[in-house]
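J.: Whenever a hint applies, use it, and build me the whole structure from the sequences.
Residue numbers for the sequence shown follow numbering that gives the first Met the number 0, so the first one is 0 and each next one is one higher.
If you're looking for bench data, these hints aren't it; they were derived computationally from the structure. Heads up, some of the hints might be wrong.
Label pairs and their in silico Cβ distance ranges [claimed, not checked]:
(1) L110 x T46: 39 to 49 Å
(2) A100 x D79: 25 to 35 Å
(3) T16 x L96: 30 to 40 Å
(4) M42 x D79: 22 to 32 Å
(5) A70 x M111: 42 to 52 Å
(6) E71 x M42: 13 to 23 Å
(7) K17 x G120: 41 to 51 Å
(8) S91 x S48: 28 to 38 Å
(9) K17 x S91: 25 to 35 Å
(10) T16 x I112: 39 to 49 Å
(11) S60 x L33: 29 to 39 Å
Where a beta carbon is used, it is the ideal one built from N, C-alpha and C, also for glycine.
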Amino acid sequence: MRNIQIFTHKKGVVTMTKTAKRIRKLRQELGLTLHEMGERLGMSYTTISRKEHGESDFTASELATLVEVAAEHGIFVSLDDLVLGGSKSSLSEDERLLVAAYRQADETGKLMIRRVCAAAGVKLD
Numbered sequence: 000m001r002n003i004q005i006f007t008h009k010k011g012v013v014t015m016t017k018t019a020k021r022i023r024k025l026r027q028e029l030g031l032t033l034h035e036m037g038e039r040l041g042m043s044y045t046t047i048s049r050k051e052h053g054e055s056d057f058t059a060s061e062l063a064t065l066v067e068v069a070a071e072h073g074i075f076v077s078l079d080d081l082v083l084g085g086s087k088s089s090l091s092e093d094e095r096l097l098v099a100a101y102r103q104a105d106e107t108g109k110l111m112i113r114r115v116c117a118a119a120g121v122k123l124d
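T.: If you want it as structure tokens, here you go:
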């Protein structure tokens with residue numbers, strides 16, 4: 000996969016160094032070591048370190064995986080947030096547990112969760 004080169008108009012170039020700093024900060028917020036993040040992204044901790052210091056670029060695929068890893072930890076961030084800088088939505092502990100339970104449930108369990116939501120008057124559409 001090709002590395003991403005991002006440019007904006009008026010505000011100048013969005014460098015991968017800024018993106019790398021945001022990614023390092025996110026990894027730290029997730030409480031993951033370089034080794035742990037490397038395992039999740041399928042690369043060595045030295046490669047992650049080099050990428051976090053802007054010495055090489057993250058691929059689009061690596062950024063997408065990082066978004067998934069963050070979501071698994073209850074932090075929802077988009078590719079735009081990582082590359083361009085933006086806000087992320089942190090869930091409360093209860094919300095994070097509910098999302099994790101839903102993701103781990105089989106189809107019957109997910110159906111039951113949706114039914115409980117419907118009974119509570121919560122629309123999921």
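J.: Hints first: check each against the structure and report whether it holds.
T.: Results for each hint:
1. L110 x T46: 39 to 49 Å: Roughly 42 Å apart at Cβ, these two residues keep to the hinted range, so it holds.
2. A100 x D79: 25 to 35 Å: Cβ of A100 to Cβ of D79: about 28 Å, so the range 25 to 35 Å holds.
3. T16 x L96: 30 to 40 Å: At 36 Å between Cβs, range holds.
4. M42 x D79: 22 to 32 Å: 23 Å, holds
5. A70 x M111: 42 to 52 Å: Violated, since A70 and M111 (Cβ atoms, about 22 Å apart) do not stay within the stated range.
6. E71 x M42: 13 to 23 Å: 18 Å, holds
7. K17 x G120: 41 to 51 Å: 43 Å, holds
8. S91 x S48: 28 to 38 Å: 32 Å, holds
9. K17 x S91: 25 to 35 Å: Check passed, 29 Å falls within 25 to 35 Å.
10. T16 x I112: 39 to 49 Å: With Cβ atoms ~42 Å apart, the hint holds.
11. S60 x L33: 29 to 39 Å: 19 Å, violated
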